[in-house]
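Asker: Could you build the full structure based on these sequences and the hints that come with them?
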Amino acid sequence: MKRTSVRRAMAVTAIAAAAATAAACGNGGGSTSASSGSTSGSSSSGGTTTINFWVRVDNPSVGLAKQFNATHKNIHVNTTVVPDAEYVTKMAAAVRGHSGPDVADFDDINTPLFAATGITENVSSYLNTLSFKSSLNQAEMGLASYKGGYYGVPYINGSSVMMYNKGLFKKAGLNPNQPPTTWAQILTDAKKISALGNGVAGFTIPGACGGCTVYTVWPLIWASGGQVMSAFGANQTTTFSTSPQVTAALKFYRELWTSGTVASKDRSENGTTWGQAFMAGKTGILLGTPVDIPTATKNGVDVGVAPIPGENGGYSTFVGGDELGIINGSKNVAADETFITWMLGVKQQEYVANPWYLVPVRQDMLTSSFASKYPIAAVGLKASEQGQVPKSIGFTAATEDANAPWVTAFEQVVFSGADPATALKTADTNAKQILAQQYQQQVGG
Amino acid sequence: MASSGVPAVAGAGPVPAGPVPAGPVPAGGPSGTGTAGAGRQPAPRRPGRNPLARSRARAGFLMSLPALVLVAVFFVLPLILVAWMSLNNWPLIGRATFIGVQNYSSLAHDKIFGHALWFTAEYTVIVTPIQIVLGYLLAVMVRRKLRGVGFFRTVYFMPVVTGFAATAYVFLVMLTPGVGVVNTVLESLGLSNGQTNWLTSPGLALVVAVILITWKTIGIAMILFMAAMQAVPEELYEAAKVDGAGWWRRESRITVPLIRRTTALVLVLTVAGSFLAFDQFFILTQGGPNNETLTAVLWIYTTAFVQYRTGYAGALSIVLLVLLILLSVAQIRTLRRGDEGS
Numbered sequence: 001m002k003r004t005s006v007r008r009a010m011a012v013t014a015i016a017a018a019a020a021t022a023a024a025c026g027n028g029g030g031s032t033s034a035s036s037g038s039t040s041g042s043s044s045s046g047g048t049t050t051i052n053f054w055v056r057v058d059n060p061s062v063g064l065a066k067q068f069n070a071t072h073k074n075i076h077v078n079t080t081v082v083p084d085a086e087y088v089t090k091m092a093a094a095v096r097g098h099s100g101p102d103v104a105d106f107d108d109i110n111t112p113l114f115a116a117t118g119i120t121e122n123v124s125s126y127l128n129t130l131s132f133k134s135s136l137n138q139a140e141m142g143l144a145s146y147k148g149g150y151y152g153v154p155y156i157n158g159s160s161v162m163m164y165n166k167g168l169f170k171k172a173g174l175n176p177n178q179p180p181t182t183w184a185q186i187l188t189d190a191k192k193i194s195a196l197g198n199g200v201a202g203f204t205i206p207g208a209c210g211g212c213t214v215y216t217v218w219p220l221i222w223a224s225g226g227q228v229m230s231a232f233g234a235n236q237t238t239t240f241s242t243s244p245q246v247t248a249a250l251k252f253y254r255e256l257w258t259s260g261t262v263a264s265k266d267r268s269e270n271g272t273t274w275g276q277a278f279m280a281g282k283t284g285i286l287l288g289t290p291v292d293i294p295t296a297t298k299n300g301v302d303v304g305v306a307p308i309p310g311e312n313g314g315y316s317t318f319v320g321g322d323e324l325g326i327i328n329g330s331k332n333v334a335a336d337e338t339f340i341t342w343m344l345g346v347k348q349q350e351y352v353a354n355p356w357y358l359v360p361v362r363q364d365m366l367t368s369s370f371a372s373k374y375p376i377a378a379v380g381l382k383a384s385e386q387g388q389v390p391k392s393i394g395f396t397a398a399t400e401d402a403n404a405p406w407v408t409a410f411e412q413v414v415f416s417g418a419d420p421a422t423a424l425k426t427a428d429t430n431a432k433q434i435l436a437q438q439y440q441q442q443v444g445g
Numbered sequence: 001m002a003s004s005g006v007p008a009v010a011g012a013g014p015v016p017a018g019p020v021p022a023g024p025v026p027a028g029g030p031s032g033t034g035t036a037g038a039g040r041q042p043a044p045r046r047p048g049r050n051p052l053a054r055s056r057a058r059a060g061f062l063m064s065l066p067a068l069v070l071v072a073v074f075f076v077l078p079l080i081l082v083a084w085m086s087l088n089n090w091p092l093i094g095r096a097t098f099i100g101v102q103n104y105s106s107l108a109h110d111k112i113f114g115h116a117l118w119f120t121a122e123y124t125v126i127v128t129p130i131q132i133v134l135g136y137l138l139a140v141m142v143r144r145k146l147r148g149v150g151f152f153r154t155v156y157f158m159p160v161v162t163g164f165a166a167t168a169y170v171f172l173v174m175l176t177p178g179v180g181v182v183n184t185v186l187e188s189l190g191l192s193n194g195q196t197n198w199l200t201s202p203g204l205a206l207v208v209a210v211i212l213i214t215w216k217t218i219g220i221a222m223i224l225f226m227a228a229m230q231a232v233p234e235e236l237y238e239a240a241k242v243d244g245a246g247w248w249r250r251e252s253r254i255t256v257p258l259i260r261r262t263t264a265l266v267l268v269l270t271v272a273g274s275f276l277a278f279d280q281f282f283i284l285t286q287g288g289p290n291n292e293t294l295t296a297v298l299w300i301y302t303t304a305f306v307q308y309r310t311g312y313a314g315a316l317s318i319v320l321l322v323l324l325i326l327l328s329v330a331q332i333r334t335l336r337r338g339d340e341g342s
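Line order of the protein sequences matches chains P and F. Read in order, the letters of the first sequence correspond to residues 1 to 445 in our numbering. Read in order, the letters of the second sequence correspond to residues 1 to 342 in our numbering.
If you are wondering where the hints come from, they were derived from the structure by calculation, not from laboratory data. Please read all numbers here as calculations on a predicted model, not as lab measurements. Glycine included, every Cβ here is placed at the ideal spot set by N, Cα and C. It cannot be assumed that every hint is accurate.
Computed, partial: chain F to chain P, Cβ under 7 angstroms [stated by the list, open to error]:
1. G94
2. A96
3. G178
4. G180
5. G288
6. N290
7. V306
8. R309
A few chain F positions that, by computed beta-carbon distances, are all more than 10 angstroms from chain P [unchecked claim]:
9. N50
10. Y104
11. A108
12. V133
13. V207
Answerer: Right, here's the structure in full:
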């Protein structure tokens with residue numbers, strides 16, 4: 001009957017829809033990474049081994065992997081680019097689901113986390129086979145060391161430097177070949193450049209970006225002999241209120257702000273437009289990453305580069321950058337090691353310096369011929385001798401997140417003029433809790 | 001007026017005076033089956049005894065099966081999983097360990113969560129009356145069939161169909177000092193010095209968020225109220241006009257009581273939506289400065305994906321869910337009581 005057949009049709013449709021939904025849910029469980037490349041482990045077919053390689057953002061790795069493939073017939077590298085903000089989350093999900101890559105290029109700051117949670121494998125014996133092991137950047141090696149082993153391989157040195165606009169220096173009556181070497185000099189130079197008017201600012205402060213300020217302000221502190229964090233471990237604390245150089249640095253920034261040498265929009269700069277004014281030729285001094293330099297040069301800016309100075313001289317840098325790791329579960333470790341060794345070769349590290357304007361991770365490359373061919377990278381490489389990088393599990397949560405204690409204290413002291421003693425004490429208390437929580441959470445009791 | 005236990009249907013207006021059907025059309029109505037004496041059979045006292053009612057029930061069940069499956073897979077199952085996670089120390093990377101109710105006891109001491117709940121409540125209390133009053137007024141404007149009213153309906157409703165994250169980003173850019181258009185316009189009008197930092201001051205940031213959400217979602221309230229108002233019979237207004245009632249009396253004595261159920265719906269939707277506010281605060285201020293514009297969901301996000309403490313985030317989620325259920329039940333009960341009392 002008409003009624004029954006309608007009911008039957010409805011029943012069939014309903015059940016079919018339910019079945020299709022269930023099937024779709026069952027199938028699609030895997031990760032949806034930026035491109036399709038995340039198959040688990042490596043595979044071998046007729047003599048060619050394929051290894052899966054995850055890289056972050058757009059960096060030398062993509063180009064280098066292509067060069068590797070062109071010159072190695074028996075190993076093929078399958079590259080996947082993963083956006084930085086999701087990198088750790090995606091890696092965690094992939095490794096948990098046994099679909100992680102073989103080799104990964106990740107932010108060196110994450111190395112202790114990956115080591116402690118078993119994401120990367122112990123590569124100590126591999127490192128001992130490298131003739132240049134002792135010249136690998138010591139800060140990055142420190143990040144990779146964990147419980148007697150090494151869980152990452154230094155790969156790119158992304159050290160922070162001081163960049164300045166030589167043209168604006170000249171206009172302001174300053175010697176373009178004499179960048180400031182003390183904080184007092186930075187202040188006077190910035191004031192003279194701001195006096196040029198016409199929307200020109202002397203200095204840059206990425207006020208609401210924790211990642212930017214740790215990268216550029218902490219070297220000022222280190223170069224002056226200060227400390228920001230205590231040793232890695234369950235009882236790690238920040239030393240913002242106990243190290244006088246931290247207070248000095250924030251007061252210095254406060255003075256730069258109140259003297260009008262910084263654009264007012266910098267206060268809410270969260271990193272997305274950081275450095276753009278400098279690249280457009282509107283700023284005198286920018287502490288940051290030399291990766292910005294090609295854009296500035298294209299816009300006609302004559303860029304000078306110098307190390308980030310301490311209060312009364314000296315210099316330091318924040319050794320950011322990337323490390324390579326062999327991911328837990330990789331099936332063809334020999335191929336992974338071949339690839340990593342190749343990536344650390346002199347020619348490849350020179351590629352990192354040009355066209356990428358990053359810094360090689362091998363201090364043995366700092367020769368006079370290197371300095372004359374790659375003057376900009378040489379600045380970062382030299383500064384790395386005095387460079388540091390904080391080793392901590394809870395680093396992101398305590399310093400880079402928008403509400404991190406460091407970011408709050410920075411905003412309060414530099415822009416709101418709060419008393420540094422109280423602000424930094426509060427920051428230390430809150431950071432201590434976060435660091436303890438994070439350590440407990442990831443490494444366990 | 002006749003009241004009934006029929007649950008509020010979106011936009012349902014008042015039932016005209018007269019015999020009110022107690023539920024779906026009883027068996028024996030115009031159905032065209034061969035049941036003997038169909039039109040005259042009294043409604044059976046026990047549903048399910050009647051084969052027709054049973055087959056209707058089965059058909060109803062089958063039709064809702066796909067939706068039930070989706071709800072089960074995408075809501076019930078994850079809910080059970082989250083409840084389980086909340087009893088564990090479950091780092092994003094690494095092994096999970098069972099810790100019982102420890103997450104809940106840490107939660108009780110979590111000052112940031114307390115502050116986030118307070119801020120979320122504050123935000124809800126601000127947004128809800130605005131949505132109801134403004135939605136009502138807009139509906140009054142667009143409910144009549146005048147020429148060109150379709151244009152206004154579209155204009156007010158269009159923000160609803162734009163992507164939320166995209167509009168939040170547009171607002172962000174418009175408000176950035178030195179880059180955005182808002183400061184430039186205010187400066188040229190002489191209303192400010194053009195340097196206002198909208199998003200680094202919690203008070204201003206809240207104002208911005210309220211403006212954004214109102215602009216974005218007022219269309220929904222407007223449409224719901226409009227549909228409810230259109231179901232109010234014209235005769236009531238004409239009778240009132242004859243009696244000499246002015247606009248205000250007509251609105252407050254006729255419209256407002258008769259669209260009570262829609263008002264309840266808008267209230268529940270707005271409160272629930274505001275309680276779960278995330279997108280605008282994530283994009284505009286990231287909860288800052290110093291957690292002053294942090295909402296409950298944004299804090300859950302931070303603990304899960306910035307601090308990698310997904311077990312603790314699960315506990316926070318469960319607590320928020322319970323709060324929201326209690327809140328919704330309280331709202332519906334209060335409004336239903338008012339309904340039956342009239």
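Asker: Hints first: check each against the structure and report whether it holds.
Answerer: Hint check:
1. G94: Cβ of F:G94 sits 4 angstroms from chain P, so the hint holds.
2. A96: violated (10 angstroms)
3. G178: holds (3 angstroms)
4. G180: Violated: closest Cβ of chain P sits about 9 angstroms from F:G180, beyond 7 angstroms.
5. G288: The hint holds - F:G288 has a Cβ within 7 angstroms of chain P, the shortest such distance being about 5 angstroms.
6. N290: holds (4 angstroms)
7. V306: holds (5 angstroms)
8. R309: For F:R309, the interface hint holds, since the closest Cβ of chain P sits about 6 angstroms away, which is under 7 angstroms.
9. N50: F:N50 is indeed farther than 10 angstroms from all Cβ atoms of chain P, at 15 angstroms.
10. Y104: Non-interface label on F:Y104 holds, nearest chain P Cβ at 16 angstroms vs cutoff 10 angstroms.
11. A108: The claim holds: F:A108 sits with its nearest Cβ about 15 angstroms from chain P, beyond 10 angstroms.
12. V133: Given that every Cβ of chain P is farther than 10 angstroms from that of F:V133, nearest at about 32 angstroms, it holds.
13. V207: holds (16 angstroms)
When each numbered hint is compared with the structure, violations occur for hints 2, 4.
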